[in-house]
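Colleague: Work out the full structure: start from the sequences and follow the hints.
Counting from 1, one number per residue, gives the positions in the sequence shown under my numbering.
Take these hints with a grain of salt, some might be off.
[Claimed, not checked] What follows is a set of in silico ranges between Cβ atoms, one per label pair, in the way DEER data are often shown:
(1) N226 - Q418: 20 to 30 angstroms
(2) R224 - P294: 20 to 30 angstroms
(3) T25 - D451: 48 to 58 angstroms
(4) F209 - G76: 35 to 45 angstroms
(5) D451 - Q418: 37 to 47 angstroms
(6) G76 - I269: 35 to 45 angstroms
(7) S31 - K135: 23 to 33 angstroms
(8) I367 - W15: 45 to 55 angstroms
(9) E107 - Y223: 48 to 58 angstroms
(10) K324 - L43: 23 to 33 angstroms
(11) T25 - S307: 31 to 41 angstroms
(12) F317 - N226: 18 to 28 angstroms
(13) W15 - G364: 51 to 61 angstroms
[As the list claims (entries may be wrong)] Below, in silico cross-link-like pairs of lysine-lysine (DSSO-like), each with a Cα-Cα straight-line distance of 27 angstroms or less:
(14) K417 - K366
(15) K135 - K417
(16) K186 - K132
(17) K371 - K21
(18) K129 - K21
(19) K135 - K371
(20) K424 - K362
(21) K371 - K421
(22) K300 - K84
(23) K135 - K221
(24) K129 - K424
(25) K421 - K132
(26) K417 - K363
(27) K129 - K84
(28) K221 - K389
(29) K129 - K221
(30) K186 - K221
(31) K132 - K371
(32) K389 - K300
(33) K371 - K424
(34) K132 - K6
(35) K6 - K21
(36) K50 - K186
(37) K362 - K300
(38) K132 - K424
(39) K363 - K421
(40) K221 - K255
Hints listed in this document are in silico derivations from the structure and should not be mistaken for laboratory results. Beta carbons: idealized from backbone N, C-alpha and C, even for Gly.
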Amino acid sequence: MDQIRKLGNRLKREWIEFYMKVDWTYVTMISLVLLCYLLVHDLVGETLLKTNSWDSYSLQTRRWLEGEVALERNYGHLELAIYKGRYFVSFPPFPSVLLIPWVLIYEEFTPNNIIMIIYVVIAITLAYKICKHFKMRNVLCAFWSVVVVLGCNMMWMSTMGGVWFQAQLVNMMLLLAAILSMLNNKRILSYIFVACAVGCRPFSILYFFVLLVYYFNMDYKEYRDNRHNIDKKDSDIDNQEENVVLENNAILYFKLIMNQFNGLVSAAIIGMGYMLYNYARFDNPLEFGHNYLPEFVESKDGQFNISYLLTNLYRVFIKGIKLKDNMGIEFTIYDGFWVHIANPIYILLYASIIISLYRIIKKGYKIDAIKITIIITLVTNIICLCLHKTMGGWQFGNRYLVDLIPFIFLYIILTKKQVGKINKLSRFEIFVGLAALIFNAYGTAFMYVNDLLEKMV
Numbered sequence: 001m002d003q004i005r006k007l008g009n010r011l012k013r014e015w016i017e018f019y020m021k022v023d024w025t026y027v028t029m030i031s032l033v034l035l036c037y038l039l040v041h042d043l044v045g046e047t048l049l050k051t052n053s054w055d056s057y058s059l060q061t062r063r064w065l066e067g068e069v070a071l072e073r074n075y076g077h078l079e080l081a082i083y084k085g086r087y088f089v090s091f092p093p094f095p096s097v098l099l100i101p102w103v104l105i106y107e108e109f110t111p112n113n114i115i116m117i118i119y120v121v122i123a124i125t126l127a128y129k130i131c132k133h134f135k136m137r138n139v140l141c142a143f144w145s146v147v148v149v150l151g152c153n154m155m156w157m158s159t160m161g162g163v164w165f166q167a168q169l170v171n172m173m174l175l176l177a178a179i180l181s182m183l184n185n186k187r188i189l190s191y192i193f194v195a196c197a198v199g200c201r202p203f204s205i206l207y208f209f210v211l212l213v214y215y216f217n218m219d220y221k222e223y224r225d226n227r228h229n230i231d232k233k234d235s236d237i238d239n240q241e242e243n244v245v246l247e248n249n250a251i252l253y254f255k256l257i258m259n260q261f262n263g264l265v266s267a268a269i270i271g272m273g274y275m276l277y278n279y280a281r282f283d284n285p286l287e288f289g290h291n292y293l294p295e296f297v298e299s300k301d302g303q304f305n306i307s308y309l310l311t312n313l314y315r316v317f318i319k320g321i322k323l324k325d326n327m328g329i330e331f332t333i334y335d336g337f338w339v340h341i342a343n344p345i346y347i348l349l350y351a352s353i354i355i356s357l358y359r360i361i362k363k364g365y366k367i368d369a370i371k372i373t374i375i376i377t378l379v380t381n382i383i384c385l386c387l388h389k390t391m392g393g394w395q396f397g398n399r400y401l402v403d404l405i406p407f408i409f410l411y412i413i414l415t416k417k418q419v420g421k422i423n424k425l426s427r428f429e430i431f432v433g434l435a436a437l438i439f440n441a442y443g444t445a446f447m448y449v450n451d452l453l454e455k456m457v
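Modeller: Pasting the structure below:
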């Protein structure tokens, strides 16, 4: 009996230790997310094993495993590039890499719904870990991670495994991984993640600048701290003057940049892989296929042109939704509408920018180099996207602008940390976050119902 009692006590202690170690907030959050996806797919008459007919990435992966880069034939419903009479997937290739184990099992009939859910869970987990890095309480980590990943048009996109949506979801996942790696000073890994993201959404190349500035700033602060300690030991005027000279020395800056050499080389190797693949298909290392889509070949102004800028900026920042006479909601499902309704996290970004400007102008705080770099990069990304002929075609919301959300999230979190409110959630943030989730849940349901009605007609 004593042995049984001891065994029982030991098991009880082990269970208590296990219970205390588990982050039950995270477990609950992920469980609810998985339940929601299960219910959504069941509601629209799908299974988690369903293959999406728009998944050209699985076709590309299968051809890779067969030793080919071109598809064996044309698929009329897919956006395929046509070059020298051959058919190619017209999107950057990295998502196909992740599909290799799935294609080995299912061939091109991959279970897209499960795959997209896995990507979502990984993205939410990464956002959660970013919040934990800033010592945020678990319940707030759950709020922000769900709002960042699903409180935007990604909610609808993640329920479908089409080529466009896979690329954007994997891009979000990789950029969140890059941010987490950056915050943990894992330099090579952060550069690799951004390089992989470029293979999903090419304009993600802009976020290398954030990494460069972040690490440069970190190393420069470390250098100044070391010099300060030296000056304390040898505190005379000559040493202080020497410190000023060294701080403005171009050689020093070059050395600080070269501290990132390994990360840059790692990214460059991945970039070379993209370029070789592009050259093998289109005889051009910078061409991934979109310029050979029929819609762009036949367009007078091509895929990118300055003439598209104003029209697309209107779609992003002005074109909203309307109330009809019967109080119904009217909005376009082509090329997007007002980003502040579709992706309300942009509103929280503006609030964070206002707070940052107030701190600088009214309270005399120094300009934060990292945050300024993020804003410049975000603005550049928006302009580049708006130079494109379309803003995403058939969609709910403004899906191209989802690409910016990981670094918008970083800006918001950095601002909250600076003002000492990392563990506080304002009523405004709660309202915007919940509104984002509710509106995008409505959008997800609307797109499925609208598609069903069109098929019935």
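Colleague: Next step is simple, just say for each hint if it's right about the structure.
Modeller: We went through each hint and held it up to the structure:
no.	hint	verdict
1	N226 - Q418: 20 to 30 angstroms	25 angstroms, holds
2	R224 - P294: 20 to 30 angstroms	57 angstroms, violated
3	T25 - D451: 48 to 58 angstroms	35 angstroms, violated
4	F209 - G76: 35 to 45 angstroms	40 angstroms, holds
5	D451 - Q418: 37 to 47 angstroms	45 angstroms, holds
6	G76 - I269: 35 to 45 angstroms	37 angstroms, holds
7	S31 - K135: 23 to 33 angstroms	25 angstroms, holds
8	I367 - W15: 45 to 55 angstroms	52 angstroms, holds
9	E107 - Y223: 48 to 58 angstroms	55 angstroms, holds
10	K324 - L43: 23 to 33 angstroms	26 angstroms, holds
11	T25 - S307: 31 to 41 angstroms	50 angstroms, violated
12	F317 - N226: 18 to 28 angstroms	46 angstroms, violated
13	W15 - G364: 51 to 61 angstroms	54 angstroms, holds
14	K417 - K366	15 angstroms, holds
15	K135 - K417	10 angstroms, holds
16	K186 - K132	17 angstroms, holds
17	K371 - K21	35 angstroms, violated
18	K129 - K21	16 angstroms, holds
19	K135 - K371	20 angstroms, holds
20	K424 - K362	23 angstroms, holds
21	K371 - K421	17 angstroms, holds
22	K300 - K84	21 angstroms, holds
23	K135 - K221	22 angstroms, holds
24	K129 - K424	17 angstroms, holds
25	K421 - K132	14 angstroms, holds
26	K417 - K363	16 angstroms, holds
27	K129 - K84	47 angstroms, violated
28	K221 - K389	43 angstroms, violated
29	K129 - K221	25 angstroms, holds
30	K186 - K221	17 angstroms, holds
31	K132 - K371	20 angstroms, holds
32	K389 - K300	11 angstroms, holds
33	K371 - K424	21 angstroms, holds
34	K132 - K6	37 angstroms, violated
35	K6 - K21	22 angstroms, holds
36	K50 - K186	37 angstroms, violated
37	K362 - K300	50 angstroms, violated
38	K132 - K424	14 angstroms, holds
39	K363 - K421	17 angstroms, holds
40	K221 - K255	14 angstroms, holds
The structure shown violates the earlier hints numbered 2, 3, 11, 12, 17, 27, 28, 34, 36, 37.
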